[in-house]
Every structure is written in C-alpha cells, then in structure tokens.
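A.B. asks: Using the hints, position chain E against chain U.
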Amino acid sequence: MKTKIKITSLFFLLALFTHTVFAVNDGGYTKERDVRSEYKEFKDHHLKDNHSFKIFYYKTGNKKKYISFPLPVIIYSEHGLDVFMSSKFYNEKNKRVSHIIDDRIYKIDKKSEKIKATLASGKELKVIDFSITKNVVLILLCIFLMLFVFIKMARSYSKNPIPSGAGRFLEPIVLYIRDDIARPNIGEKHYKRYMGFLLTVFFFIWFVNLFGLTPVGSNVTNNIAVTASLALLTYIITTFTANKNYWGHIFWMPGVPTPMKLILAPIELLGTIIKPFSLMIRLYANMTAGHVVLMSILGLIFIFQSWLGGTLSFGLAFALCLLELLVCALQAYIFTMLSALYFGAAVEEHHHD
Amino acid sequence: MEIPAIVGGGLVVIGAGIGIGRIGGSALEAMARQPELTGKIQTVMLIAAALIEGIGFAALFAL
Chain U
1 MKTKIKITSL
11 FFLLALFTHT
21 VFAVNDGGYT
31 KERDVRSEYK
41 EFKDHHLKDN
51 HSFKIFYYKT
61 GNKKKYISFP
71 LPVIIYSEHG
81 LDVFMSSKFY
91 NEKNKRVSHI
101 IDDRIYKIDK
111 KSEKIKATLA
121 SGKELKVIDF
131 SITKNVVLIL
141 LCIFLMLFVF
151 IKMARSYSKN
161 PIPSGAGRFL
171 EPIVLYIRDD
181 IARPNIGEKH
191 YKRYMGFLLT
201 VFFFIWFVNL
211 FGLTPVGSNV
221 TNNIAVTASL
231 ALLTYIITTF
241 TANKNYWGHI
251 FWMPGVPTPM
261 KLILAPIELL
271 GTIIKPFSLM
281 IRLYANMTAG
291 HVVLMSILGL
301 IFIFQSWLGG
311 TLSFGLAFAL
321 CLLELLVCAL
331 QAYIFTMLSA
341 LYFGAAVEEH
351 HHD
Chain E
1001 MEIPAIVGGG
1011 LVVIGAGIGI
1021 GRIGGSALEA
1031 MARQPELTGK
1041 IQTVMLIAAA
1051 LIEGIGFAAL
1061 FAL
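As given, the protein sequences belong to chains U and E, one line each in that order. Each residue of the first sequence is one higher than the last, beginning at 1 in our numbering. Each residue of the second sequence is one higher than the last, beginning at 1001 in our numbering.
If you are wondering where the hints come from, they were derived from the structure by calculation, not from laboratory data. Idealized CB from N, CA, C, for every residue including glycine. Check before you lean on any hint, since a few could be wrong.
[Stated by the list, open to error] Some chain U residues close to chain E (C-beta under 8 Å, calculated; not the full set):
# : residue
1 : Asp129
2 : Ser278
3 : Ile281
4 : Ile334
5 : Met337
For reference, chain U alone in the conformation it holds in the complex:
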C-alpha cells in the first residue's frame, strides 16, 4: 500500500515537472528571458542603497503606485552645498527626471542608484554625496532604538537590581558578552575598558541585521562602507590601546633568531591590517550572501511559473529566514568575539622571560 502511494506521488510530481517545462517552452524564449532579466534587475536593485525609501508598490490597471517617502539629498561640490528632497528626481508619473539647480544637473544613475552630476556645459562635476539614504535612515533608527532601550534599562537598575521589561531578555546577553567574550579573551585586568565598544558593536550589528530581515528594511551590513567603518573602529582601538609588548611582538619578535625577526616584522605588520580587513569582509559577505540566496529562492516563483515554484520557494525561503535569524546573531557574536581577541592580544602582559 505504502509503495503504491509513493509511486503514485512520484508519478504525480514528475507529471507536474514536465508540465512546468512545457509551459515555459510554450511561453517562448523571449518571454522567459524577459522575466529572468527583469527579476535579476530587481534583485540587483534590492541589494543596493537607495535615495528614497520605497516600502512597496501596487498596480492599479497599468499604473504603479508606490508607497514610499523621499529622503534628503545633500551634495557637496566645488559650487557649494546643495540640499533638496529626493522626490525632485521623480515627476508626477513616477518617471525619473533630472533636477537642475543653477547650472548643475543632478540625476540618479539607473544602474548604480548613485547621483551623477553634470554642468550645463556638459562637463562632469565631481561631487561628494552626504545624502541621508535608506541605509543611513536605518542606522539612525537603530541608534535611537538602542539609546531608548538601553537608557531605559540602565535607569531601571538604579531603582531595582532585578531587571524589568526588555532588560529581562537583554541582561543575559550583556552578561554573556562580559563573562564569556570579554573576560577570558582580554583578561581580568583590562576588560572593563573595552566593554562599551564590545556591547555597542554587538547590539548594533545584531539589530541592524535583524532590520535587514524585515520587509521594510534594506540590509545595512550589505554595504561595505558600514562594515569597513566598524572594522576601522576595531583597528583604531587596537592600535591606540596596545602596550609595548604588542609592538615588541610585531617589530622585534622575541625568542627567534635575528634573520627571522627581519622576515617576521613585515608579515606581522601586514597582519595588523589583515585582521580588521577580514572582519569587514566576513560581515559584509555573510549578510550579502544570505540576501542573494533568499532573493534567488524567491526568484524560483518566476522561473517555474506554476504553483509548485511558489510552494517550493515559500518553504525554502521560510527555512532560510530561520537560518538567517541565527546568522544575524552569529555574525554579531563573531565580530565581537574577534574584536575582543584582538584587544586581548594588544594588552597582553609579558609572559615569558
């Protein structure tokens, strides 16, 4: 009986697949290609920073209606500061237009979503873009959320040592970072100096990653500039709090023959830069990879074009989102952990004689 059910269901599945294949073939080559390239464009666009905050759109008849709000554009060039809202880049029909101030023409490049500026004479203008983009909005949102939650939490401790509200959830995490990350890696004597940075960086990365999983948020850690600044902070703190043993181990490694010291010094010096560099790449690549895979799985809907694709991609996307929840916390943990390790190496006392 059971085998019969198995065979029947297998046959059923096979039939479905063949049906799907035929359906795609019937659609014709150009149609299929259109859907794919259109989806690829959508996917690439999703991974990029944006000058306006689009939440979603719906179609009424032939018109696309966007639920979105514009963000301020701040541009500095040799002609001074230009500030305007990004809604100036779209006309009432939602077509992209260029915005003209005096003789400067600004427009958003469709591919890279970056602002390009030209002068009326046709010459290209070099600009520095300080705009409040989607990512910046989310970073600010995350900062305010963290300030709100943690200041409230800190105040509640002055009244009562037993945590209340969000503190009940966050206290074990704070204690974990102190007792299992900072203390063993940095050492009992120095760990207190670094707790502020470690806690901030952990919760910032974690919250920002979680924002990236919501439908509204763009993934902030998808932007290499963000992770680069975080890694740069680790590098600066390591460099400026290091004691003389740390520099001694870099430039004149004790306990090895002199020719070896000469070889080791440049390698160790390079190592100090590679460490924060790998922090940057790891966080960026992990979060980007998660989003690319998620978007590709969702793309199955458009490639299969049957209920099978929809069901399959829904199930897979659901599972992947659960995995991403884990990855969000894990990446924050690893960043904090490795930062603590580097700080620990910087303040380590002299052991051997």
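C.D. replies: Quick look at chain E alone, frame taken from chain U:
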C-alpha cells in the same frame, strides 16, 4: 580548454565546506568527551570556522 572561474569558486566552497564540517565534527567529539570544556572548545571552533569562511568568501568575490 579554459575552465570557467565559477568551477574554481565551487571547488573552494567544497573545500571550505569540508573544513568547517570537520571542525564542527571534531568539536562535537571533543565536547562529548570533555563536557566541562564546552565553552572553550566552542570559542576555538567558531574562530577557526570564521577564518575558513573568510577564505570561502574571498573565492566567491574573486569570481
């Protein structure tokens, strides 16, 4: 015959997968043998896994 870069990327990912799998397996064994060292083993395991992962991503970005 030219081998496409994506094949190389795939090979690196296979290597990284084997590496992380071995780390996880060994850590599990070690933790089963000495449960009192779980915390330390976990730390070392995660650091090693993170380093290997970095190589995997480097290969993917070289594509």
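A.B. asks: Each of the hints needs a verdict: does it hold here or not?
C.D. replies: Going through the hints against the structure:
Taking 8 Å as the C-beta cut-off, the interface hint given for Asp129(U) is violated, the closest approach to chain E being about 24 Å. For Ser278(U), the shortest C-beta to C-beta distance to chain E is roughly 5 Å, which falls under 8 Å, so the interface hint holds. At a threshold of 8 Å, the smallest CB-CB gap from Ile281(U) to chain E is about 6 Å, leaving the interface hint in force. Nearest Cβ of chain E to the Cβ of Ile334(U): about 5 Å, under the 8 Å cut. The hint holds.
The interface hint given for Met337(U) is met, as the beta carbon of that residue sits about 7 Å from the closest beta carbon of chain E, less than 8 Å.
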